[in-house]
Amino acid sequence: MITAKEAALITGAVITGNPDEPINTLANIEEASPGELTFLGSSPYEKYFTSSGATVIFVKKDFNKSRTDITYLEVEDPARAFYTVLIRCFSPDYPLEGIHVSAHIDPSAKIGEHTAIGMNVVIPRGCRIGNNTKIFHNTVLGENVVIGDGCLIFQNVSIREGCILGNNIILHPGVVIGSDGFGYIRDEQGNPIKLPQIGNVIIEDDVEIGANSAIDRGALKSTIIKRGVKIDNLVQVAHNVIIGENTALSAQTGVAGSTKLGRNVIAAGQVGIADHLTVTDNVIFTAKTGVSKSIPKPGIYFGHPVKEQKKAQVLEAHVRTLPEYAERIKALEAKIKELEAKINN
Amino acid sequence: MITAKEAALITGAVITGNPDEPINTLANIEEASPGELTFLGSSPYEKYFTSSGATVIFVKKDFNKSRTDITYLEVEDPARAFYTVLIRCFSPDYPLEGIHVSAHIDPSAKIGEHTAIGMNVVIPRGCRIGNNTKIFHNTVLGENVVIGDGCLIFQNVSIREGCILGNNIILHPGVVIGSDGFGYIRDEQGNPIKLPQIGNVIIEDDVEIGANSAIDRGALKSTIIKRGVKIDNLVQVAHNVIIGENTALSAQTGVAGSTKLGRNVIAAGQVGIADHLTVTDNVIFTAKTGVSKSIPKPGIYFGHPVKEQKKAQVLEAHVRTLPEYAERIKALEAKIKELEAKINN
Amino acid sequence: MITAKEAALITGAVITGNPDEPINTLANIEEASPGELTFLGSSPYEKYFTSSGATVIFVKKDFNKSRTDITYLEVEDPARAFYTVLIRCFSPDYPLEGIHVSAHIDPSAKIGEHTAIGMNVVIPRGCRIGNNTKIFHNTVLGENVVIGDGCLIFQNVSIREGCILGNNIILHPGVVIGSDGFGYIRDEQGNPIKLPQIGNVIIEDDVEIGANSAIDRGALKSTIIKRGVKIDNLVQVAHNVIIGENTALSAQTGVAGSTKLGRNVIAAGQVGIADHLTVTDNVIFTAKTGVSKSIPKPGIYFGHPVKEQKKAQVLEAHVRTLPEYAERIKALEAKIKELEAKINN
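Protein chains in written order, with our numbering: chain A, 1 to 345; chain B, 1001 to 1345; chain C, 2001 to 2345.
Next up, chain A with everything else stripped away, as it sits in the complex:
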């Protein structure tokens, strides 16, 4: 719990109201209750102001402070101020301390300082874990896995042998890192023969990977997830993929083998990106887009097969007009017949 005054100090806000007003938690304006801090950013939400249960609110500097039962914190950017308080004062601490007696840690593994290991965790030979990292219950590492400092590895995660993770990485429950890629050749009878997948996965700093997502190891070398990449739940990243810095993949997106995504790419949900493609920086794929060719030009893309969004919208409008076009063709045919008859008479 903090007070309105503390929230003001962190954000440089001007207080109107009670500086000692308690803030137990944060809430959106339409859901807030007494004891809660909210914010009023853009005008569509102004309608919630008169009835909001919040007792402390971030508003813009020119805001009409018509209610007297609420403490105002005036700032330039209410949303950013709100998120600053959220991040600075309400980040969960995910309590876990020490190394639980039920964890299986090979004597050859190196565990850093202030690193906590939960129950039934398996850390076999050759692993190296940095400082201030937490590995939650029932997570299993393979041999020679390296994990950096300040990581949060939640429960029931699987990291296979030889994968290398940097610092400040978050893996949500059920994540699989380093599973075999989908690689086969055919024998003379056409039966698939598995190609051993002998590469690994390298994950750079500040990456977060959502629940039950899977990142396959490189076939021969590495699958690489670069600094700041954010991956949502149930995402598939195939072998040899390289994902550029700060790129974000929303839920249920899939990236097929050997594809290279640039920096600051955004894939909305259920996007599929085919194999062996190159996508440049600053590309946005809207939801469900099917990317079957390389994208050398930044922009917004849509559809399957993928098109530039504006072009796709034009085509979609034409498709919706097809019944009219069909009528107009029919009318033209009738008209022509009519004219033909006139001319021939």
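Quick caveat, the hints were computed from the structure, so don't treat them as lab data.
Cβ atoms here follow ideal geometry from the backbone N, Cα and C, with glycine treated the same way.
Heads up, a few of these hints could be off.
[Stated by the list, open to error] Short, incomplete list of chain C residues facing chain B, as computed with Cβ under 8 Å:
id, residue
1, V2122
2, S2179
3, Y2184
4, L2195
5, D2216
6, A2256
7, I2284
8, L2315
9, K2342
[Stated by the list, open to error] Below are the DSS-like pairs computed for lysine-lysine, each with C-alpha atoms no more than 27 Å apart in a straight line:
id, chain 1, residue 1, chain 2, residue 2
10, B, K1307, A, K307
11, C, K2342, B, K1335
12, B, K1337, C, K2330
Following the hints, put chains B and C in place on chain A, whose structure we already have.
Chains B and C in isolation, oriented as in the chain A frame:
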């Protein structure tokens, strides 16, 4: 094992044949073997009647009992009678008893009566589990998780801190409840900054969630799965989503953040529903539909971008006719040229 | 580590260069470093030859051996020779030995010879595991599960009761076998009533299933995955599905209930196949295809609703031409008006 007579008693059926005929299990008519109960519902399946291996069969009251080597159970609704016997007499009991010595249960956790906890299960401080619930092996709860009565939590499930589950809930293996939502802001350099996800997940009674599905916790408040919701495998439910009563989401469907689904909505497989939308009651989305706008009207919807199914079918038929339209436009152009020449001469 | 000579012996290659050249690992030509074996298969990769760091290379018999700092292995088929060395000499051994003291193995379970069981693994009553199989840490079986010889069951896998697995099967981390299918009837009030799922899953020899994929048990009988089937990550296989020999399902594909896929079917990523369909042998579905009808004819299929690829490509070309068609219709209308005016004057 039951007998034909017992099946008749439960369903009010009239027996023709041997009341003591044993029923070891149930099977569809085309797959049934001796010792098995089947049913004949609709006429497409009548062709299997003469050769079915079943020795007991539910049929309609006016059925022509031409075979003498089979025991008939005549009822109004053979399918319903069959399912009644399946539910009443053949529901698996999923044996699990007591609290296994390898389970890690914090002394502050409260475990109800006749509740069973499997091997290596982790139940930390503040958790409360009701009566007659079973939590299978290697499942991990976070702090202060609440689970009601009569639940089945299968193996390798992850439920994160503070999530609240009602009664008679089934979670299949690999389910993740309460993972962080996909929420970031950008700093001045454009790097993504994680927004702490401090809400939880509330799951009401009679909900079932399929293998490896993930339900994210609310960003600030709750993600809510209402009574009777059924969720299939590999489904994604993002933060702040609210799913109405008895709604069913088939496999690999995804619902993006803050979207509200009504009651009795049905999403077939691989449907994607964008964020911040409202879908009214009694809406059906056919497979792979991409829902990019709110749906205020009940009905059947299809396609991406989503359309009413009838409209989509009309447009699809027009698209399939495009080669013909192109020919007709070409013919019109030729004809016009011809007429023009005639007129100008 | 092997030498160039050993690689030549295995593949029948002719050596030019140093037979004792060490091969520490294998790499693609554009990524290879000293101490690594690569290959030059098709001409698009020839541009990498002059700068490749590889010190041993498989080339075709007529290859111009212009570099003198590299050892050549001349063969008929460089790619196949490369993969032969990969498979024969560099297959990982996934070290796991004995039965770990923390594994929970019911006294009634039968464990074969040279079979290894990892930490915290749960093997309850009635299970039978063959010889030379490895079951990694924190994996949980249900009662009466049968697993054959030479299988690799990775960590955090869930196999539910009564499922039967053959020989040489690989299950990657997070796989769920035998979860309940998505089956309900409605009661008088329209509430969904769960149908007990009393079947199982049968997996034949040489099947591989990717990370976090889910295979539901049959409703009454079996879901069947036949010999040589390869399933990628995050794939959904619903109850009663039968998948024919050597069929391959890429990541995030879903197959709905009771559908039968033939032999050598290939589904690219994110394909969805509706329920109760039959797909014949040798069918290829390109990525994201939505299969809403049975496919009785081999070939390549695309789109949603699914079409033969060639037909789909023709329609797609027409859709891209729609703006032009619209212009041509408009021009025809203007022309007609013009002619009409001429005639009527």
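Each hint tested on the structure:
1. V2122: holds (4 Å)
2. S2179: Given a least distance of 4 Å, the restraint on S2179(C) holds.
3. Y2184: holds (6 Å)
4. L2195: holds (6 Å)
5. D2216: This interface hint holds because 7 Å falls under the 8 Å limit.
6. A2256: holds (6 Å)
7. I2284: Status violated, d = 18 Å.
8. L2315: Cβ of L2315(C) sits 6 Å from chain B, so the hint holds.
9. K2342: Hint holds; K2342(C) Cβ to chain B Cβ min 6 Å, cut 8 Å.
10. K1307(B) x K307(A): holds (20 Å)
11. K2342(C) x K1335(B): Since the Cα atoms of K2342(C) and K1335(B) sit roughly 16 Å apart, the hinted pair holds (cutoff 27 Å).
12. K1337(B) x K2330(C): holds (15 Å)
When each numbered hint is compared with the structure, a violation occurs for hint 7 only.
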